[in-house]
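Peer 1: Residue strings, one per chain:
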Amino acid sequence: MARTSPSCSRAASRRRRLGRRRSALTAPIAGLAAASLLGLSACGGGGGTSDQANAWVLNGGVWPVVEQDFESWNEENPEQSFTVDSFANDVYKERIRTAVGSGEAPTLIVGWTGGTLLEYIEHDYVVDITEETAELQDQLISSVADNGIVDGDVYAVPMNNVQPVFLYFNQELFDQAGAEVPTTWEELLDVVEQFDEQDIYPLALAGGSRWPMLMWASYLTDRIGGPEAFQGVVEGDPDGWSDPAILEALERCQELVDAGAFDPNFASVDADQNEDARMLADGQAAMVLQGSWTYSRMLEDHPDFAESGDFGFTTFPAVEGGQGDPANLVGNPANFWSVSESASEESQETATDYLSERLFNDEYVDQMLATGNLPPLEGLDEQIAETEDEEFLGFAYDVVREAPNFQLSWDQAIDPSQEQALLENLELVFLGQITPEEFAENMNATQGG
Amino acid sequence: MTQTVAQSAEEISDGAPQVQRDGAMRQSRQGPSFLMALPAVLFFGIFALIPLLGVLVLSFMSWDGLGSPEFIGLDNWVRMFERDQTMSSLWLTFVFVVICFVFQAPVALLLGVFMAGAQRYRALLSVLFFLPLLFSSVAVGITFQQLFSPNYGISSALPFDWLPSQWLGNPDIALYVVVFVVGWCFVPFHSLLYQAGVRQIPVSLYEAATIDGAGRVRQFFSITLPQLRYTAITSSTLMLVGSLTYFDLVFVLTQGGPGSATRILPLDMYISGFRNYDMGGASVLAVILVAVGLTLSLLLNKISGSSKMESDKAGM
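Residue numbers (this note's numbering), protein chains in the order written: chain A, 1 to 449; chain B, 1 to 316.
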């Protein structure tokens, strides 16, 4: 689930549109950017790169905005400039670990917090930035920012869009089946039956990519047992995965599969190609549980459907009798910046200056909103009301701010060595090849190892 | 053909005494100087031998990529051999190598023989056959993934009910589907080898056979196949060792799934090292792969008797 919102091309088209409006502005900016790039490469060629701050960023989604921001920062602060390299998501995840482990980490490290951040802190790979980012913290939505705080100290600050998981639906299909969008588990089961009678898949699920199945397991666990249910796992409790809420959540996942809730070919559906969202758009499936990037992606890939008024979004249904607050969210709170311990003092200062003075400046926030992405900041209501995607951004903004708890995706929250086992065992649960008890047993065996 | 060979042989024998007269008699008899092999040896040492030694050392250590590696003796080896996945990956790799070979070898041979001929449109068809060789494996993987999509791929596009709706998501057939795609990519390369091999066969052999009354099939089995012996050995060695260590297409197509239905050993090594951050365990798997690969190529060399290789064209 550690994806960046893949809305790059849409961002580009938005920029093109914006560009027309602001062409008077953008031309000189582009010129400056090019000049600063030249300046940078001259700098890098001159040696002494160890003294210069650097940052690794990803590509796609909102990352071009981040890169642009570095360029204009470099322009304004030639004494404190960054070199920036960009990577594809998976490549980044492989490289960053060895880079951090061998003391070659970039000054600013992108992360997803969770288990990896805890490891970094344990080995002193990242520095405490509590003081330097105190002012920034006040502007951030706390349920998001909390992910970067460990034992009261700040080691990471959110730097891009909030990525909660929502339930998206096709209103036309609901009208056709005479069904109501479900707000509770019981209603969901009823709706599943109604759609099955109509020969429409109630839910699309990109099971071939495995991580979308996590969304079901973690939302259900949270609704049934509250955020505490998963705490045992995170804290390394040897029986953590046997929590009754987790077992019940997995039983309900199997119940959904048995009830024909998912497209029967879900094991072959791939999320990287956004096949699940496509099934929603062309009327093959009525609902899909996916990350917030699905919205901007839908506008780009299936504009007809997205603008037809049938493209709906809501929160995950409540579970009757469950202890979790139905306002809780699951997903990736955001990507976070951490500052590398192995960087020179000078670079570290450059990095913290950037974080405290520059992060989430007006231009940055405007660009994010313009591409349908939500920054984790307080006090954006007015700005959101002015955007084209006011309906979705407004909905997401309210839900994120009101969420008592924002559960980080399980695959990021746990120890990185468990991630693969989790995805594999969860797949087996969904395929009905193992029971929830066997899942718990297999996963408990990976605890603390 | 035979004429050109004879000509060049004459040229060589003409030139040789000259060299000897220049006083480099011993060297010319020993072949090229070691210095000429130096770049290759250095390259092999730096990029193959040294990392290999590193992996061997790492297989006795516990390391998750962060912090410093810790020496733990044989623990990794014991652990990896007791792990069910290792054995099932080894078995899957064996199956993968065998069916890759059984699928690719005959197709490549027949295509190669066909392309060496002089039929109509042969050049055009050959270009089409070679296309897969030019594509990047990631692009091929993603394209086939789309083709095998249950909702938007061939299964939904073609009106045949017997087509399975799940290809890569069905644990029973996923491996065969992967073998097919891998074959699609590599058959052109091996056909190229066979095509070159067939072109080397003297036409006089076929002429003689025709006079003796041998038909096309008989000619294929009695002349073409035996003459292609050494090409077949080269191609088979590349095919077997190549599929033993094959990684990229499988990774793009299935990531080893569904479950672990296509998790062959190289993929298992990658997942252990770069997904589970168990560098020690992954190194054990890497050493096993190297050992199996070396044994296999040595064995092939022994069986095929490349040391005893002699000319097929003696007397022609």
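Check the hints yourself; a few may be wrong.
[To be verified] A partial selection of chain B residues facing chain A, derived with a Cβ cut-off under 7 Å:
1. Gly65
2. Leu66
3. Gly67
4. Phe71
5. Pro150
6. Ser165
7. Gln166
8. Leu168
9. Gly169
10. Pro258
11. Ile271
12. Arg275
13. Asn276
14. Tyr277
Honestly, the hints are just simulated from the structure, not real lab data.
For glycine and all other residues, C-beta sits at the position ideal for the given N, C-alpha and C.
Peer 1: Run every hint past the structure and note whether it holds.
Peer 2: Hint-by-hint comparison with the structure:
1. Gly65: Because about 5 Å separates Gly65(B) from the closest Cβ in chain A, which is inside the 7 Å limit, the hint holds.
2. Leu66: holds, 4 Å
3. Gly67: Where the cut-off is 7 Å and the nearest Cβ of chain A is about 5 Å from Gly67(B), the hint holds.
4. Phe71: With Cβ-Cβ at 17 Å, over 7 Å, it is violated.
5. Pro150: holds, 3 Å
6. Ser165: Holds - the Cβ of Ser165(B) comes within 7 Å of chain A, reaching about 5 Å at its closest.
7. Gln166: holds, 5 Å
8. Leu168: holds, 6 Å
9. Gly169: Hint holds; Gly169(B) Cβ to chain A Cβ min 3 Å, cut 7 Å.
10. Pro258: holds, 5 Å
11. Ile271: holds, 6 Å
12. Arg275: holds, 5 Å
13. Asn276: Cβ of Asn276(B) sits 5 Å from chain A, so the hint holds.
14. Tyr277: holds, 5 Å
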